[in-house]
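There are 2 protein chains.
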Amino acid sequence: MKIILIIIQSLDGFINKDQKDDLSWGSHEDKVFFRTLTKQLGTMIMGSNTYKKMPAFALGKRFSLVFTSQPEILRPAKAENIEFFKGTIKQALNYLEKKGIKNAALIGGGKINNQFLQAGLVDELYITVAPRIFAKGINGFGENKLDMKLKLLDTRQLTQDEILLHYQVLKE
Amino acid sequence: MKIILIIIQSLDGFINKDQKDDLSWGSHEDKVFFRTLTKQLGTMIMGSNTYKKMPAFALGKRFSLVFTSQPEILRPAKAENIEFFKGTIKQALNYLEKKGIKNAALIGGGKINNQFLQAGLVDELYITVAPRIFAKGINGFGENKLDMKLKLLDTRQLTQDEILLHYQVLKE
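Those protein sequence lines, which keep their order, are chains A and B. Take the first sequence: its letters are residues 1 to 172, numbered as in this note's numbering. Take the second sequence: its letters are residues 1 to 172, numbered as in this note's numbering.
Think of the hints as simulated: they come from the structure by calculation, not from any bench. It should be emphasised that the depicted structure is a prediction, and the values quoted were computed from it without experimental measurement. By construction, the Cβ of each residue, glycine as well, lies at the ideal position given by its N, Cα and C atoms. Among the clues, some could well be false.
Claimed, not checked - Derived pair list, reagent style DSS-like, types lysine-lysine, alpha-carbon separation capped at 25 Å:
no., chain 1, residue 1, chain 2, residue 2
1, B, K102, B, K145
2, B, K111, A, K31
3, A, K90, A, K171
4, A, K17, B, K17
5, B, K53, A, K90
6, B, K61, B, K78
7, B, K53, A, K53
8, B, K78, A, K171
9, A, K151, B, K136
10, A, K136, B, K145
11, A, K2, A, K17
12, B, K102, B, K86
13, A, K102, A, K90
14, A, K20, B, K149
15, B, K78, A, K136
16, B, K31, B, K53
17, A, K145, B, K111
18, B, K102, A, K145
19, B, K17, A, K151
20, A, K149, A, K90
21, B, K31, A, K149
22, A, K171, A, K136
23, B, K145, A, K145
24, B, K39, A, K20
25, B, K39, B, K86
26, A, K61, A, K17
27, A, K31, B, K17
28, A, K151, B, K31
29, B, K151, B, K171
30, B, K20, A, K145
31, B, K136, B, K102
32, B, K2, B, K136
33, A, K111, B, K136
34, A, K149, B, K20
35, B, K17, B, K53
36, B, K102, A, K17
37, A, K17, B, K39
What the hints assert, rightly or not - Residues from chain B that face chain A, not an exhaustive set, calculated with beta carbons under 7 Å:
no., residue
38, D12
39, G42
40, T43
The following block holds chain A by itself, in its conformation from the complex (with noise of 0.2 Å):
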């Protein structure tokens, strides 16, 4: 299966200032593309922060696979075609792999990303660099040492200001 991790951070690699952080300072051009290129794959994995954080609106049109230790808590469901999952990452690709999934985006948070990347899950990356610094926030990666090598494939701005990086994940 083909994972492909989508996030916006800012400059020094934020995804969010803070638990409350509503990603305000992130472009409409963003969620465009957010929401074009996760439509486009289909599924989308996230860890149960992301999802809490997520508009029901902006879970539509894709299924989407939940990373969480308790389901019971997340249930029901925000918007159709969504799974909570307990359990690893492997079983839950396996998971993925028997409903014939071909490709996802993997979309957050840090710990999950980290999950994967550390796991050589990935094989590309689509990060939106906002014009912003933050000194002080949630790591897109994670906080788990890697030392990942990666490929520019291609930019794009997005905004003015915005730009979008995008890399294969090199494996060595």
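Given chain A, work out where chain B should sit, using these hints.
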């Protein structure tokens, strides 16, 4: 005085993996860019840890002001035209202005970058984004919360995988 912050960071905002990091993950092209721009500006401002990491040849042909609470420990200087400064950043800028200095490169580390940004003293940033993810390390903008807005001035590919982002700091 115009102050331009120049750093190379991983995609996730780290300027060093750890204290021993020798920046070998940065490109030759970035080093050439750094050398050219800092020589052109004529003055470099840095903290003592950054100074300690810099080879003597990287300090030649421009004036350097090194912040330190213990100048005696750093003497003798590694190269000519280096001054050790014990004092606040405002005192240092007064001192540089009295010397007739109009432009300076602020080259780290994170702590001093944070202080200059917090004080509204940085005009522009040149951030080289290396194609790496570390998840853990030393942040290029320090650890005290900031909320800076930037304007993207231009971008340049330094190598196939390394991109240089040039921003203006918006002052409110």
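Checked hints:
1. B:K102 / B:K145: violated, 29 Å
2. B:K111 / A:K31: At roughly 33 Å apart (the allowed maximum being 25 Å), A:K31 and B:K111 break the hint.
3. A:K90 / A:K171: The given pair, whose Cα atoms are some 18 Å apart, holds under the 25 Å limit.
4. A:K17 / B:K17: holds, 22 Å
5. B:K53 / A:K90: violated, 41 Å
6. B:K61 / B:K78: Status holds; Cα separation ~13 Å.
7. B:K53 / A:K53: violated, 42 Å
8. B:K78 / A:K171: violated, 40 Å
9. A:K151 / B:K136: Between A:K151 and B:K136 the Cα gap is close to 20 Å, so the pair holds against 25 Å.
10. A:K136 / B:K145: holds, 5 Å
11. A:K2 / A:K17: Violated, because 30 Å separates the two Cα atoms, which is more than 25 Å.
12. B:K102 / B:K86: holds, 21 Å
13. A:K102 / A:K90: Holds: A:K102 and A:K90 sit about 15 Å apart, inside 25 Å.
14. A:K20 / B:K149: holds, 19 Å
15. B:K78 / A:K136: violated, 34 Å
16. B:K31 / B:K53: Given that 25 Å is the threshold and the Cα spacing comes to 14 Å, the pair holds.
17. A:K145 / B:K111: holds, 21 Å
18. B:K102 / A:K145: Measuring from Cα to Cα gives roughly 40 Å; hence the hint is violated.
19. B:K17 / A:K151: holds, 19 Å
20. A:K149 / A:K90: Cα-Cα ~22 Å, so holds.
21. B:K31 / A:K149: Holds. B:K31 to A:K149 sits at ~19 Å (cutoff 25 Å).
22. A:K171 / A:K136: This hinted pair is violated, its Cα atoms lying about 30 Å apart.
23. B:K145 / A:K145: This hinted pair holds, its Cα atoms lying about 22 Å apart.
24. B:K39 / A:K20: violated, 44 Å
25. B:K39 / B:K86: It holds: about 24 Å lies between the C-alpha atoms, which stays within 25 Å.
26. A:K61 / A:K17: Status violated; Cα separation ~29 Å.
27. A:K31 / B:K17: violated, 31 Å
28. A:K151 / B:K31: Holds, at roughly 20 Å.
29. B:K151 / B:K171: holds, 10 Å
30. B:K20 / A:K145: holds, 15 Å
31. B:K136 / B:K102: violated, 36 Å
32. B:K2 / B:K136: The given pair, whose Cα atoms are some 32 Å apart, is violated under the 25 Å limit.
33. A:K111 / B:K136: Status holds; Cα separation ~12 Å.
34. A:K149 / B:K20: holds, 19 Å
35. B:K17 / B:K53: holds, 13 Å
36. B:K102 / A:K17: Measuring from Cα to Cα gives roughly 34 Å; hence the hint is violated.
37. A:K17 / B:K39: Roughly 36 Å separates the two Cα atoms, so the pair is violated.
38. D12: holds, 4 Å
39. G42: For B:G42, the interface hint is violated, since the closest Cβ of chain A sits about 26 Å away, which is over 7 Å.
40. T43: This interface hint is violated because 23 Å lies over the 7 Å limit.
Hints 1, 2, 5, 7, 8, 11, 15, 18, 22, 24, 26, 27, 31, 32, 36, 37, 39 and 40 from the list above are not met by this structure, while the remaining hints are.
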